[in-house]
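> If you want the building blocks of each chain, they are given just below.
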Amino acid sequence: MTDRIAALKSRPLLTPFNIFAAIILVIGAFLTFKRFTQGIGAVSNLTDTHPWGIWIGFDLLTGVALAAGGYVTSAAVHIFGKKEYHSAIRPAILTGFLGYSLVVFALLYDVGRPWKLPYPFLVSQGVTSVMFEVGACVMLYLTVLFLEFSPAALEWLGLSKIRKTVVRLTMLLTILGVILSTLHQSSLGALFLLAPSKLHPLWYSPYLPIFFFVSSIAAGLSMVIFESTMAHKKFEIYMDDRHKQEYNPVAFGFGRAAALVLAAYFACKVFGIALDNNWRFLFTGWGAWFLFELSGFVLLPCFMYSIGVRDRNPKVIRAASVITVLGIMLNRLNVSVIAFNYHVPADERYFPSIMEIGITLFIITIGILVYRFIVTRMPVLYKHPDYEDVH
Amino acid sequence: MGITRRSFLGWLTGAAGVATGAKTVEAAHGHFNGYPDSYAILHDTTLCIGCRSCEAACNTVNNLPKPEKSFKDLTVLDEKRRTTPHAFTVVNKYTDPHTGKITYRKDQCNHCQEPACASACFVGAFKKTPEGSVQYDASVCVGCRYCQIACPFNIPTFDFDDAFTPKITKCTMCQPRIEKGQLPGCVEACPMEALTFGKRSDLVEIARERIRKYPQRYIDHIYGMDEMGGTNWLYITETPFEQVGMRTDLGVTPAPEFTSGALSIVPMIIGLWPVLLGGLYVINKRRDEIDEHEKEEAVKTAIENANNGGKEGRHDR
Amino acid sequence: MEGIHTLQEFMFQTKGIIYILAVGYLLGFVWFWRFLKMDKKREQ
Chain D
1 MTDRIAALKS
11 RPLLTPFNIF
21 AAIILVIGAF
31 LTFKRFTQGI
41 GAVSNLTDTH
51 PWGIWIGFDL
61 LTGVALAAGG
71 YVTSAAVHIF
81 GKKEYHSAIR
91 PAILTGFLGY
101 SLVVFALLYD
111 VGRPWKLPYP
121 FLVSQGVTSV
131 MFEVGACVML
141 YLTVLFLEFS
151 PAALEWLGLS
161 KIRKTVVRLT
171 MLLTILGVIL
181 STLHQSSLGA
191 LFLLAPSKLH
201 PLWYSPYLPI
211 FFFVSSIAAG
221 LSMVIFESTM
231 AHKKFEIYMD
241 DRHKQEYNPV
251 AFGFGRAAAL
261 VLAAYFACKV
271 FGIALDNNWR
281 FLFTGWGAWF
291 LFELSGFVLL
301 PCFMYSIGVR
311 DRNPKVIRAA
321 SVITVLGIML
331 NRLNVSVIAF
341 NYHVPADERY
351 FPSIMEIGIT
361 LFIITIGILV
371 YRFIVTRMPV
381 LYKHPDYEDV
391 H
Chain X
1 MGITRRSFLG
11 WLTGAAGVAT
21 GAKTVEAAHG
31 HFNGYPDSYA
41 ILHDTTLCIG
51 CRSCEAACNT
61 VNNLPKPEKS
71 FKDLTVLDEK
81 RRTTPHAFTV
91 VNKYTDPHTG
101 KITYRKDQCN
111 HCQEPACASA
121 CFVGAFKKTP
131 EGSVQYDASV
141 CVGCRYCQIA
151 CPFNIPTFDF
161 DDAFTPKITK
171 CTMCQPRIEK
181 GQLPGCVEAC
191 PMEALTFGKR
201 SDLVEIARER
211 IRKYPQRYID
221 HIYGMDEMGG
231 TNWLYITETP
241 FEQVGMRTDL
251 GVTPAPEFTS
261 GALSIVPMII
271 GLWPVLLGGL
281 YVINKRRDEI
291 DEHEKEEAVK
301 TAIENANNGG
311 KEGRHDR
Chain S
1 MEGIHTLQEF
11 MFQTKGIIYI
21 LAVGYLLGFV
31 WFWRFLKMDK
41 KREQ
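Protein chains in written order, with our numbering: chain D, 1 to 391; chain X, 1 to 317; chain S, 1 to 44.
I should point out that these hints are in silico values taken from the structure, not numbers from a laboratory.
Please note: incorrect hints may appear among the correct ones.
To be verified - Below are the DSSO-like pairs computed for lysine-lysine, each with C-alpha atoms no more than 27 Å apart in a straight line:
1) X:K285 to S:K37
2) D:K116 to X:K127
3) X:K285 to D:K83
4) D:K83 to X:K300
5) D:K82 to S:K37
6) D:K198 to X:K93
7) D:K164 to X:K285
8) D:K116 to X:K167
9) S:K37 to X:K295
What the hints assert, rightly or not - Chain X stretches covered by chain D per the calculated footprint, using a threshold of three residues with CB under 8 Å from any CB of chain D:
10) 57-65
11) 78-90
12) 115-122
13) 140-154
14) 163-174
15) 269-279
16) 283-289
Every residue gets a Cβ at the ideal spot worked out from N, C-alpha and C, and that includes glycine.
Put together the whole structure using the sequences plus the hints.
Here it is, written out as structure tokens:
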């Protein structure tokens, strides 16, 4: 424990990453000012024909999918009883909580009147809208994540009484978390059901909600493996023994689960094509792109995960997790901006502006910095010695 | 202008009085055939000469800023335009690549019977009125632009350059005017009677009659009858619809039906998941307890055997 | 001449191929499940 505190105190300030992050923060602050004084058009390439861009496709859709590790891990440990992965819960919940918080933060930029975001819940409810359900579930789930994460913060702050009360809610929060996640992960896919004329038939399917939900499980499993890999590289000094011991078992266990989920997801996609009789589209240019996404980022990592599990090779598993994460991002971008508006002529298609990308990088950097702050201080990678009853 | 058939119809229907109060149309699994006496507009593109008088009238009636190029400037028709925050409607020119024949078509909100925008809006900013128009309420709008994603006709526009009060804009069917018994601005301004205002059912009859009378002049289809579940802006044309920028692959399913299935699953998941997950928890917990129990039994038996055999007892693991 | 005449037409137009895919998937999944449970250590 003294190692950890000493390491924290002795960290150099001017590391390459810190300098890079500082630059991004300054640029981000400037872009924020521009966004809120000159409007969305001044910092993005969004137009009436392309009202949604990477802030929705990446920040929101990909962000929510990759934050799924929270509900997946807490379900694995608390509902399926996999106690051997216990050390993975808090990092996963932290990633989830930060992920969803950043999604809401990104919405403040994307939405035209962010101060009216409470309106759908407090003033006028558009209950025919899938987006209403997404908003309600995300708000509730953010609360759940906050509560699930709070024991770590409360332990750090020494507020043991409140902590005890919150810990008693664990089972309830876990189940509620799975319910809410099922609902909003699938509903993010359902958003696009409303635009069959705009989304390419290989991606548009009545099963979009199922595709989004199942792939969110694979995304969550893979993000936990990826985040654990990164944490091990950078924050090993802050980890306790249990965390280090479970490093490879988590990879094997989550890797096997990811192999199965990816296989099921692949099958569902094929069934989807069969049911809508869309085989002919596979032989087009869009078909090649679809097959690229499916074979390179679903089949391939599924294969890699299964080899890694069978041969007890964690390196292959960790590589597979990166590819899966990229695949989820590719899928969400395909559905929202790439295969969306496919009818629009090529010279009028959307591409994000450098400022849009800048704001996204700003948001991600804030997330990484907050993650680093928390993980180097609060009992996320280690168990607080005063609270050994963390079951 | 003297009494024309168009304005007579306008007076008739205007005099019939209009109900106030709007209702959101929620199509769960029923089919909505539209409010019975709702108004609509029939656009006959064979009569349109691309003079842009309708655009000018719309601009005036809605107090919109005057554009850079005047409405009398017909060179703007050389480019395809879409609605913008200051242009609720535009006229576009379509030239047949083979024959060189020119057709003009006015584009604006089609005031769908079951609007995709109303279905999409999570703050209920859009409402389908009994008069037939689809109204937008900027006071609740959050600016999420899901309505733009949803509209199959790409009509709603959003002011991306307004930092403080950006909102969606679109044709209102001049609701305040029709409530007073007047015609919508564009209909009144059109010198060629390419636009006819009246009850939707009457306009359908008129359109059918025209097609029946002049079969060589019209394609036998009233666009808007069934597209997306039916709209309150109907089109008849001589040039095929795809060639005047209208999609013919939209189908007849009303937009809300695309998402009603996904929404109706929500209560099912809420009802079933707690039992499913709680059950899994109990099953796994029980299995762990049994495993623990069996382990303890095994250890006990091993110790007994060891003691009986006189060997060294094993410690607990 | 329209209608269903060949096996290919049956498979695609009536979506009969789904049954084949479904059976294939279920069998494949069972195999895959066992594939993942097996590790080299057990074989040694």
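> A separate judgement is required for each hint: does it hold in the structure or not?
Here is what the structure says about each hint:
1. X:K285 to S:K37: 22 Å, holds
2. D:K116 to X:K127: Roughly 19 Å between the alpha carbons, so the hint for D:K116 and X:K127 holds.
3. X:K285 to D:K83: 11 Å, holds
4. D:K83 to X:K300: 24 Å, holds
5. D:K82 to S:K37: With a Cα-Cα distance of about 16 Å, the restraint between D:K82 and S:K37 holds, given a limit of 27 Å.
6. D:K198 to X:K93: 24 Å, holds
7. D:K164 to X:K285: 22 Å, holds
8. D:K116 to X:K167: 12 Å, holds
9. S:K37 to X:K295: Given pair S:K37, X:K295 holds - Cα atoms ~23 Å apart, limit 27 Å.
10. 57-65: violated (count 0)
11. 78-90: Contact hint for the region 78-90 of chain X vs chain D: holds, 3 residues under 8 Å.
12. 115-122: holds (count 6)
13. 140-154: As far as the region 140-154 of chain X goes, the hint holds, because 12 residues have Cβ atoms under 8 Å from chain D.
14. 163-174: This one holds; 4 residues, not fewer than the three required, reach chain D with a Cβ under 8 Å.
15. 269-279: Result for this restraint: holds, n = 6.
16. 283-289: holds (count 4)
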